[in-house]
Amino acid sequence: MESVGNILMYFVIVISIIVFSVLTVTTRKMLRSATYLLFVLFATALLYFQLDYQFLGTVQIAVYAGGIVVLFVFSILLTHKPGKDAAALDVHRRWLGLSAALLGVAACGYALFSYCAFCGKELTGDGSITIERLGHFLLSTDKYGYLLPFEAISVLLLACIIGGVVIARRR
Amino acid sequence: MPLSLTIAVVAIPLFMFFFLGLAGVKMGRKLTGVLGVLGMLVTTVLAYGVALTYFFGDGPQVVDGVRKAVIVFNPDWLSFTDTLVARMGIALDPIAAMMLVVITTISMMVHLYSLGYMSDHHGHPEKGFQRFYADLALFTFSMLGLVVATNLFQIFIFFEMVGVSSYLLIGFYYHSPAAIHASKKAFIVTRLADLFFLLGIMILSFYTGTFDFFNQNGMVGMTDSMEAAQTAITSAGGATFMGCSVMAWALTFIFIGGAGKSAMYPLHIWLPDAMEGPTPVSALIHAATMVVAGVFLVARLFPLYVIEQGAMEVICVVGAFTAFYAAAIACVQSDIKRALAFSTISQIAFMMTSLAVSASQEGLIEIHHGYGLGYMASMFHLFTHAMFKALLFLCAGAIIHAVHSNENDDMHGLHKYMPITSIAFLIGCLAIAGIPPFAGFWSKDEILVACYEKGLGWGIWMSMVAGLTAFYMFRIYYLIFFWKEHKVHTEHRPADQVWTMTVPLIILGAISCVAGFVPMHDLVTWDGAALHTQLNWTVAGTSVAIACVGIALATVMYYKENALPAKMKNAFSGLWNAAYHRFYMDELYQFITHKVIFKAVCVPIAWFDRKFIDGFMNLLADATNQAAYGIRRLQSGSIQGYVYLYIMGALLIAVVSMVCVLI
Amino acid sequence: MNLTLLMYLIPSLIMFGCGVYGFLTRKNMIAIMISLELMLNSVDINFVVFNRFLFPGHFEGMFFTLFAIALAAAETALALAIIINVFRIARKVDINEINKLKF
Amino acid sequence: MEILNNILIYFVIVPVLTLGGLALCNNKGMNAIRAVAATGATVLVALALWLVCIFLQARGAGDTSEMILLSKVSWYAPLNIELALGVDGVSVVMILLSAFIVFAGVFASWKMNPLPKQFFLWFFLLSTGVFGFFISIDLFTMFMFYEVALIPMYLLIGVWGSGNKNYSAMKLTLMLMGGSAFLMLALIGIYMHSAPQGQPLTMNILQIAQNNAVPHDWQMYLFPMAFVGFGVLGAMFPFHTWSPDGHASAPTAVSMLHAGVLMKLGGYGCFRIAIYLMPFAANELGWIFLTLTGISIIYGAFSACVQTDLKYINAYSSVSHCGMVLFAILMFNQTAMTGAVLQMLSHGLMTALFFALIGMIYGRTHTRDIREMGGMMHIMPYLGVGYVIAGLASLGLPGLSGFAAEMTIFMGSFQHPDMFHRVFTIVGASSIVVTAVYILRVVGKLLFGEVQNEHHRELTDASWDERFSTAVLIVCVAIIGCFPNFFINIISDSFLPVVKALGNVVGM
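Protein chains in written order, with my numbering: chain V, 1 to 171; chain W, 172 to 834; chain E, 835 to 937; chain U, 938 to 1445.
I should point out that these hints are in silico values taken from the structure, not numbers from a laboratory.
Small disclaimer: the values here were computed from a predicted structure and weren't measured.
Hints should not be assumed to be uniformly reliable.
Have a look at the derived ranges for each label pair, beta carbon to beta carbon [as the list claims (entries may be wrong)]: (1) I1363(U) with Y755(W): 45 to 51 Å; (2) R1394(U) with Y755(W): 39 to 45 Å; (3) L139(V) with W1012(U): 28 to 34 Å; (4) M819(W) with G164(V): 31 to 37 Å; (5) N919(E) with L1016(U): 46 to 52 Å; (6) Y755(W) with V1364(U): 47 to 53 Å; (7) M819(W) with L112(V): 43 to 49 Å; (8) S1011(U) with F769(W): 55 to 61 Å; (9) L112(V) with P1015(U): 33 to 39 Å; (10) H752(W) with K1048(U): 53 to 59 Å; (11) R1308(U) with N733(W): 49 to 55 Å; (12) V1443(U) with A749(W): 38 to 44 Å.
Computed cross-link-like contacts, EDC-like style, restricted to lysine to aspartate or glutamate with a CA-CA straight-line distance of at most 16 Å [stated by the list, open to error]: (13) K655(W) with E732(W); (14) K658(W) with E758(W); (15) K658(W) with D580(W); (16) K731(W) with E656(W); (17) K587(W) with E656(W); (18) K731(W) with D580(W); (19) K658(W) with D757(W); (20) K658(W) with E732(W); (21) K655(W) with D757(W); (22) K84(V) with D928(E); (23) K740(W) with D757(W); (24) K29(V) with D85(V); (25) K861(E) with D85(V); (26) K81(V) with E894(E); (27) K29(V) with E894(E); (28) K143(V) with D928(E); (29) K298(W) with E1003(U); (30) K587(W) with D667(W); (31) K658(W) with D785(W); (32) K926(E) with D90(V); (33) K1437(U) with E1003(U); (34) K861(E) with D90(V); (35) K655(W) with D581(W); (36) K861(E) with E909(E).
Backbone N, C-alpha and C define an ideal beta-carbon position, used for all residues, glycine too.
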C-alpha cells in the first residue's frame, strides 16, 4: 500500500503530463507550445524522482528542460514574429493525424489491457543508485559496463558540435 | 598456237581494266586510248589464233572428226561442298571458239571507233575518256570469261559481271537523268532475270550435284557430266513441283535468266532504254555480244534442253512472239537507235526460236545421231548478226556524231554528205534483210528451214517476220539517207567522220559481205561433228522473195517524201500509237514497280517499321517511364506522409498478428 | 490503491499519441521537432518504468534513457541548426513550402 | 603465368595496354594519341595475321581437334568460372575481321574532335570486349566481354554522336541490355545443367557440348532465350529497331565497329552458344527463327528502298544482310553455316566501308539526306568510286565479297532436304533483286545526276587518312571476293561438331 502523498504525487504528475502533452500539440502559438513541452519534461523528471532515479531526473531537468527547451525557444524567437498564430489546421489533416494517433493508442491500449501479464506488478525495493556506482558502470568494460556506448555518444556529440558549427556558419 | 593462250585472251582485258582504270587518270586521253586499242589488238590476234587452232589445227581436240571440248585451265574457286565446286576455268569448244572471234572482233572495232567517237561530246572534250576505255576492257573481259566458262556457276558469275559493265557503260553520261534511269533499269531487270537463273542453278545442282559442263579430263566431250546429270534427273524422275518435273522448272528458270540478258519479251524493256549509252557501247554490248549471252546460255545447255521438251516449247513460243513483237515496234520508231534496238531484239528472238525448234523437232535419239540444224543456224546467225548489227550501230553512231541527234526527222537525205556511211549502212540492211549473198541470207535461211521442219505454221510466221525485218530496216535506211533534202546548217555540214570511225565501218561492211561463206555447219554444231546441209531452194527462194517485197514496200513508202506514211498512220492510228509506245509495256512496268511495289509494299513496310515495331519498343520505354512517374508519387519526400504510412503499416501488422493469434 | 506498472504506462502512451498527432498535423518544422521530443520522452519513460518495475536491481533501462537524452539533445541541436539555416535561405519554416529539393 | 604463352591472351592485353597508353596522353597532344591508337591497331592486325598463320600451320600439320590454342586459368572456383581460351576457324576469321575494322576505324576517326583521347579510350575498351568475346570459350567470360563491348557504345554514341543521339544511344543500350538479360538467364540455365547429375558443373563450352547434358525440356526454354539474346544484337526482326537509329546517330568509326564487328557477336553467339549447346531445341524450334530471319531479309531490303537518310539505308540493309547470317546458321548444314561466316566477314567489311564513306561525305556536306545531294561523283571522285564499289559488293558483284558469301549461303541452304527450307531459300534469294534496287537508287541519286547544291562544288575529295582507311577495306573486300576458297578452308571444318551434334539429334 502506497502512501497517500505518493499517490497524490502520482496523480499530479500524470494529469500534468496528459494535459500538457495535449496542449503542446494543440496550441497555435509556438512559444506556448514550447512552454507546455517544458512542463511535460518537468513532470517527467518528477516521475523519475518518484521512481528513485534521482540522477536521471536531474539530467532530465538539466539537459531537456534546461538545454533543449531553451534551444527551441531561441529558434522560435529567431524564426517567428512574436504573438502570431500558426495557421489553422485543415480538417483533412487533422482527421488524418487524429485517426493515426487514436488508432495507435487504441491498439497499444488494447494490447496493454488484454495481454499484459506483468502490468499489475508493483514497485519493490529501492531502485536508487549511488553516483559512485553509476560512474563505475559508465567507465567500466565489464559485463554491465557502458564504456563503449559512452565513448560513442561522446564522439557523436563532438560530431554534432562540429556539424552544428558547419551548418550554422555563414557562407 | 597453243590453246592455253586463251588464258592470255581473257587476262589481257582484265589487266587493261585495272591498268587503265587506276593509271588512266595520270596518263592522259590519247595515250589511254592508244594503249586500250593496242591491248585489244593483241587480244584479238591471240583470240583469232586460238580459234583457228581449235577449228583447223589437228590437236587433241578432234577425235574421229568430232570436235570435243578442251579444258585449258580449271582451278577451284568456291567449294560449296566436297563435290559441288564452282570453278573458274577456261574451256574451248566450237561455240566458245566462235564467240571468242565474235567478241574480240567487235570489241576491237569498237575500241578503234571510240577513239574518234568518244573524243568529243557535242564539240567538248569528253570527260571520263579513260573511264570509258577501262569499262570497255572490263566488259570485254567479262564477256570472254562468260563464253569460255567451264561450268554453269561461272556463267552466272560472268552474267553478273557483264551486267555490271553494261550498267557502268549505259550510265556513262552520268549527269544525264535519262542515262542513270536507263542504266538502273537495265541492271534491275537483268538482275531479276538473274534471280531466276540462280534458282535454276540451285535446282539443277541440287539434283545433279555438279555445275560442270564437261567431264574432268576434258576430252570426252560435251555432255559427259551432263549425261550423268540426265541420269540423275531421270532417277529422281519422281521429283515434280506443281505438276511439272523439276527439270522443266530448272531449265525454264535458266531460260528466264538468259531471256533477261537477251531481252526476250517481257523482259526486253531495258534494251531500248539502254541506247542512252554511248553508241559504240550500244554496238558492242547491246547489239553484238552481251545480248546474245542468253542465246549462248541456252546453246550451252542445249543437251539438257533436248531432254526437257517442255522448257523448249516455252522458249519457242516466247522467241517467235518476241521476234514479231519487236519487229512490229521497230516499224514505227523515229529514234534510229531505238529502232535498231528493237531490230536487235527481233533478231535475237530469231536465234532463240531457232535453238528451240532444233531441239523440239527431233527426239533424243535422232539428236544423238548428229542432227541439229536449228542449233547450227542459231549460232551462225549469232555470228553474222553480230557483224552486221555492229556495223549498223557504228553507222548510226557516225550519223549521230555528225548531226547531233538521234531522231530521223533531223537526218533525211544524208546520202549526199556521208557516202561511205551510207553504203556501209546499206550493206548492213541488205544483210539483215536476207538478200544473197550478204551474210544474213545464209544464216537466216537456215533458221527458216529449221522452223519449217518444226511445222509449217512456225515457218510461215518466221518468214513473215523476216519480211517485216526487210521492211523496217529499209524504212530506217531511206528515212536517214533519202526521203528529202537535208536541211544543212551553215555552221557544220554533216560528213563522213575521221578515219578511226570510218575504217571499222569498212572492215565490218566487208565482213558482212563475206561472213555468209564461213563453213559454219562444218565448224559449229552442237555435238562437234560436221553437219551436212545444202541450200533448201524452196525456202531460200521464198524468203528472198518476201524480203524483196518488204524492201519494195519500204521503197514505195519512204524513198521519196510522200503522203503515204502519214495516210497509213492515220488509217491505223490505234495500232500505230500502240506500236510507237511499245505496246505500253514500259507503262505497265512503271505501274508495277512504282505503284505496286514501291507505293504498296515498300512504303507500308517502312511505315510499319517506324510506327509499329519501333512504336512498340517506344511504347515499352514509355510504359516504364510512366510507371516510374506513377510510383514516384509515393516517394513524396514528405516525412509526415512517411510516418503516417509507417504507423498505419505497423498498425496493420499488429491487427493482422492479433487476428492470427485469436484464430 | 497501489501504483502498478500499467498506471505508468498509460500516460506514456497518451504522450506518445500526442506526439504522433502533433507530428502528423503540424506544418511548422519546429513544432514537428517538439512533437518528436514528446514521443522520445514517452519512450524514455517506458524504459525507466520497465526497468524499475521488472528488474529493480539492474540499471540497463536507466542507462538507455540516459544515452537517449544525450542523443535527443544532439539531434535537436543539429535539427534546429538546419531549420534555422533553411529559414535563413528560404525565409520559411513551413514544411509544405520547402520543396525545392523534391523530385 | 602459363597463359601468357598463349598468343590469344594478347588480343586482350594489347588493347588494354593501348588503353593505358592513351590514358597517359594529354588530350591536346593529338599526334601522341594518334600514334598510340595507330600502333595498337597495327599490332592487333599483325597479331591477327600471325594467328591465321598459326592456325593454318596447325591444321596443315594434321591437328584436327575442334579448337586449338587451348588454355585456361581458374577465376572463381566455386562457380567454375575460368578464363578459358581457344579458337577454331570461325573465331580466327572473326578476329581477323575485327582487327582490320579496328585498324580502319582508327584511321576513319583520325581527326576526331572533341575529346579525342576519351574517344579512343572507349573505342579500345569496346575492341577489348570484342576480341575477348571471340577468344573465350567460357560462358561467363564470354558474357563478361560481351557486356564490355556493349557498354562503351552508349557513351560513344551519346557523346560523339550526331542528331538525336541521346535517344538513339539510350534505345540501343536498353535494347541490347534487354537482350543480355535473356542471355544471362539462358547462360545460367545452361550452366545449371552443364553436366550430368552428380558431376561437377562447368562453364566451358567444349565441356558442355561434350556432356550434352542439358535436358530437352530445359532446352526448349533456354534456346529461345539465348537465340533472342544474341539475335537482338544480330538485328533479327522484330528486335532490329535499335539499328537504324543507333547507326544514324553514331560517329563514323563507331558505326563501322558496330555494324562491322559488334553485330557479328550476335551471329557468332547464336551459333556457338545457342545452337551448339542446345541442338535438340535448335532442331525443334529452328523453323520459328528461320521464319523471323527470312522476314528480316526481305523486310530490311524493302524498308531500305524508301529511306532517304544514307545511314538509315545502310542500317536497313544491315538488317537484311545480318538476317541472312542468322538465316544461314539456322539451315544447319556445313555449307550454309560457312556461308554465314563468310557473310559476316563480307558484311562487316562492306558495311564498315559504307559507314566510313558516309561519314566522310557527311563530314563535308553536313547532310545525309540523299534528296539534298547529287553529282558527288563530279566533286569527290575517290569517295564516289569507293561508294560504288561498296554498293556493288553489297548487291553481290562477283569478285567482291558479297557474292561469294551469298552464293555459299543460297547453295548451302538449298541443299537442305526439307522443302520448307528450300522454299525459304528462294524467298531469301529474291532479296538480291531488292538489294540491287536500293543500292542503285542511292548510287543514282547521291553520286550521279546534277549537283543539287551549288555549295557542294567547293568540297574536297578524300584526304590521305580517309583514302588509306577506305583502301584497306576495299582491298579486304576484294580479297575475300576473289579468293573465297582460302577462307572457306579455314572456316568450314569448324562446323563439323555442330553439324554432327545436330545430326545426332535428328537421328534420335
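Hints versus structure:
1. I1363(U) with Y755(W): 45 to 51 Å: Cβ of I1363(U) to Cβ of Y755(W): about 30 Å, so the range 45 to 51 Å is violated.
2. R1394(U) with Y755(W): 39 to 45 Å: holds (41 Å)
3. L139(V) with W1012(U): 28 to 34 Å: Once the Cβ atoms are compared, 51 Å apart, the range 28 to 34 Å for W1012(U) and L139(V) is violated.
4. M819(W) with G164(V): 31 to 37 Å: Check passed, 34 Å falls within 31 to 37 Å.
5. N919(E) with L1016(U): 46 to 52 Å: Check passed, 51 Å falls within 46 to 52 Å.
6. Y755(W) with V1364(U): 47 to 53 Å: Hint violated: Cβ distance 31 Å, outside 47 to 53 Å.
7. M819(W) with L112(V): 43 to 49 Å: Between M819(W) and L112(V), where Cβ atoms are some 20 Å apart, the hint is violated.
8. S1011(U) with F769(W): 55 to 61 Å: Hint holds: Cβ distance 59 Å, inside 55 to 61 Å.
9. L112(V) with P1015(U): 33 to 39 Å: violated (51 Å)
10. H752(W) with K1048(U): 53 to 59 Å: holds (54 Å)
11. R1308(U) with N733(W): 49 to 55 Å: Given range 49 to 55 Å: holds, Cβ gap about 51 Å.
12. V1443(U) with A749(W): 38 to 44 Å: Violated - the Cβ-Cβ distance for V1443(U) and A749(W), about 58 Å, lies outside 38 to 44 Å.
13. K655(W) with E732(W): Within the cut-off at roughly 6 Å; holds.
14. K658(W) with E758(W): With a Cα-Cα distance of about 35 Å, the restraint between K658(W) and E758(W) is violated, given a limit of 16 Å.
15. K658(W) with D580(W): holds (10 Å)
16. K731(W) with E656(W): Within the cut-off at roughly 10 Å; holds.
17. K587(W) with E656(W): holds (9 Å)
18. K731(W) with D580(W): holds (14 Å)
19. K658(W) with D757(W): violated (34 Å)
20. K658(W) with E732(W): holds (14 Å)
21. K655(W) with D757(W): violated (33 Å)
22. K84(V) with D928(E): At roughly 14 Å apart (the allowed maximum being 16 Å), D928(E) and K84(V) satisfy the hint.
23. K740(W) with D757(W): violated (22 Å)
24. K29(V) with D85(V): holds (5 Å)
25. K861(E) with D85(V): holds (12 Å)
26. K81(V) with E894(E): The hint is violated at about 44 Å.
27. K29(V) with E894(E): violated (38 Å)
28. K143(V) with D928(E): violated (47 Å)
29. K298(W) with E1003(U): Not OK: K298(W) and E1003(U) at ~57 Å, beyond 16 Å, violated.
30. K587(W) with D667(W): Answer holds: K587(W) to D667(W) is near 10 Å, not above 16 Å.
31. K658(W) with D785(W): The hint is violated at about 65 Å.
32. K926(E) with D90(V): violated (19 Å)
33. K1437(U) with E1003(U): holds (12 Å)
34. K861(E) with D90(V): Roughly 11 Å between the alpha carbons, so the hint for K861(E) and D90(V) holds.
35. K655(W) with D581(W): holds (11 Å)
36. K861(E) with E909(E): violated (19 Å)
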